Amino acid sequence: MSLWAAVAVLGFAMVFSVPRRALPGIALLAVAAHLLRAACLEQGMTLPAASLLAALFVGATAAVVAPRTGEATPIYAFAPVIPLVPGTAMFDTLIGLLALTSGADPAARVDQVAVDATTATLTIIALAVGAIGPTLVLGTRIARLMERTSIDPDG
Amino acid sequence: MSDLADALDLALEVGELVQLSGGHTSRTVDQMERIARALGAQEGHAAISSVNVAMTVSDGATRLSAGRHAGHLGINFSTLTALERLVDDTEAHGLTAAQVRARLTLIRHAGRVYPPWLVMLALGGSSAAFAVLFGAGLAGALLVLVGGTLGATVRHLLVARHKPPFVAVTSAAFVAALVVAGGIAWGGGSPASEPAMAAATLFLVPGVPMLNGTADLLTAHYLNGLVRLAMSAVIIGSAAAGLAAAVGVVGWLR
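Chains A and B, in that order, are what the protein sequence lines are.
So the first sequence is numbered by this note's numbering: it starts at 1 and just counts up by one.
So the second sequence is numbered by this note's numbering: it starts at 1 and just counts up by one.
Quick caveat, the hints were computed from the structure, so don't treat them as lab data.
Please note that the accuracy of each hint is not assured.
[To be verified] Not the full set, but computed from the structure, chain A residues with beta-carbon under 8 Å of chain B:
(1) W4
(2) A8
(3) F12
(4) V15
(5) P19
(6) C40
(7) G44
(8) E71
(9) A72
(10) P74
(11) P83
(12) V85
(13) T88
(14) F91
(15) L136
Here the structure is a predicted model, which is why all the values come from computation and not from measurement.
Cβ atoms here follow ideal geometry from the backbone N, Cα and C, with glycine treated the same way.
Chain B with its partners taken away, still in its complex shape (with noise of 0.2 Å):
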């Protein structure tokens, strides 16, 4: 492989895990050209759509396209950080080819930073808290601390078997609420009105994508922003339907 073909792979292999791992376009661009360039080319621009992403390298005399499909878009800032790192040790130190290839292989294999079971807990441990910073009382917290814990299990099951994100987000939203207005229900109180009820599926929010959707478009990334928004707003609205769909379900119920 020429040292021009190396710098356009390994740029895409870089843009494919910065979109992988949570980037927004202007920075997935970034990177992409700036180990494009540290790497021989003398021009290299990128373009990225939301699940793609595209290069054209050139060294004066010749000049390479490829692309390369971006799975899905994930979330792993720990990955972010590392590709941060090796992009600016690439520039600053003149790495080789073949010494970027064998970090990012490390990269792409590096193990979960915490093991699933934490982080199910934690969730529950952080709708717990929003219940608590809205105003519900122990025995508020803790039901949402239970079903927060539940309903994020429930999403990582779904999507450990690849369902789509209304499947999973609905069906989390669906049980952690009905533990939660199951509990206020039947300890007298009413869903409807409990600060509990609020935090029940504030786990499932979609931050990352909301704000990379939101920088997306500040960068005039329009058609990026967009999909990433359209994806907040579906998690979005499937909670608000598996909570709707529960607090039902109670109502009925009592």
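Chain A on its own, in the form it takes in the complex (with noise of 0.2 Å):
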């Protein structure tokens, strides 16, 4: 099931026009983190946490991945974390929004609405700060070890 991130992927980083060679780099990352997802999931993480340590992942990896093979680290921290997001949560949220206004007992719906909508938002927030975190906070520092190993002839 999770080979369909690749799919879902390209669309998104042929819209963010990356380099034909980067594609890939970028629907494996993007598979491997569907993957560790499902896992954590599967071990009772919640979505927003799964997601988080996907996105990290992401993160992490591109931080070292991008300077390594010269492109800019958003081509491989964004377009992997895109299938990551939480659709249905979302859905199910504006289905259940338009509910409350239209349905016979709002009150019933009310505790359900919440639930979807704070599941998306902490995901999407979780997305956001994992795939961008580790390049910021390592991204420099990696690129520099990484540098004084290439020049190093016994490293």
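Now that you have both chains on their own, put them together as the hints suggest.
If you want it as structure tokens, here you go:
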């Protein structure tokens, strides 16, 4: 199932005008992130927490791979997290909000709408922080470390 | 033009292009200041707003300031990569102002990486893949493929006609969702409970503004971050409006 994340990421990578040579790496990263999140969910983690871990994995990989391949870091950090967007929770929130104004018993739906909206919002925040955080915190240090490693003939 | 004026002008051009290509504010500031120093400025301080880039450079004796309008916040990661390499090369190999200017002209006028028809089709494919990930069947995924491709095409055409995001995104979401909801209803299903509907408008997810907005907030560029997140909120709200309208129309017709 997670292989579909590779298809999901390609359209966005093209909208972002990602260089063609980077597409296979991005697709691979998207699948790995989706598998990681699925594994975390199976272990009982919540969707936002599992998404944060998967996005941190994407962000950390981007911080290492991008300087090594000479690409801009957002190429590897941004597109692969898009398949992790909580579309179902977002859709359920919207339908729930519509039902609040048109349904017979709106009070009974409020709790579910609140749960869906909170899950969607926290998951999106987790994805953004996870994808960006490693580059902002570690990006320069990793690049310098790799420069030193590549210069050192014994390294 | 003096060397310092060249450094200022080229740094502003780099900043404008980074802004237009989807770089967050820290990246824009970093690349402007690095290239200004590599071209001879002793000091360079960039100031970025959502639609302008400005800079002050100094060589010890003279201080120059200038600004430039940066149009809109676009996305082109190939340009972002080319600019990063240009800044790296200028620092590492001491490129002259003329060489930097020539490369910037090439970067600015580089052709599309992918033809628009392929991008529209790929976005439809992305939406269909989302549908499968959410548990939709083959029929649902095919509906989303068609709806997503049509919706992406509508957005592309409206953006090309300089329609505001609210109009372009709402229209695109409406068309995509109408195809999917109509297909589901025609097949006897309920659009409100079908996983394919959740994927119908996900090709409109404002991934880059959301991530750049977060990056700006995390690097204390609060104003620019809020602008980008407000932009994302408008896009998400517009997509929700288009989706809700399509579900309403299909429900009314049934």
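Results of checking the hints against the structure:
1. W4: holds, 4 Å
2. A8: holds, 4 Å
3. F12: holds, 6 Å
4. V15: Holds. Min distance 6 Å.
5. P19: holds, 5 Å
6. C40: Given a least distance of 16 Å, the restraint on C40 (chain A) is violated.
7. G44: This interface hint is violated because 20 Å lies over the 8 Å limit.
8. E71: Holds, about 5 Å.
9. A72: holds, 4 Å
10. P74: Given a least distance of 6 Å, the restraint on P74 (chain A) holds.
11. P83: holds, 7 Å
12. V85: Hint on V85 (chain A): holds, closest Cβ of chain B at ~5 Å, below 8 Å.
13. T88: The hint holds - T88 (chain A) has a Cβ within 8 Å of chain B, the shortest such distance being about 5 Å.
14. F91: Since the shortest Cβ distance to chain B is 4 Å, the answer is holds.
15. L136: holds, 6 Å
In this structure, the earlier hints numbered 6 and 7 are contradicted, and the remaining ones agree with it.
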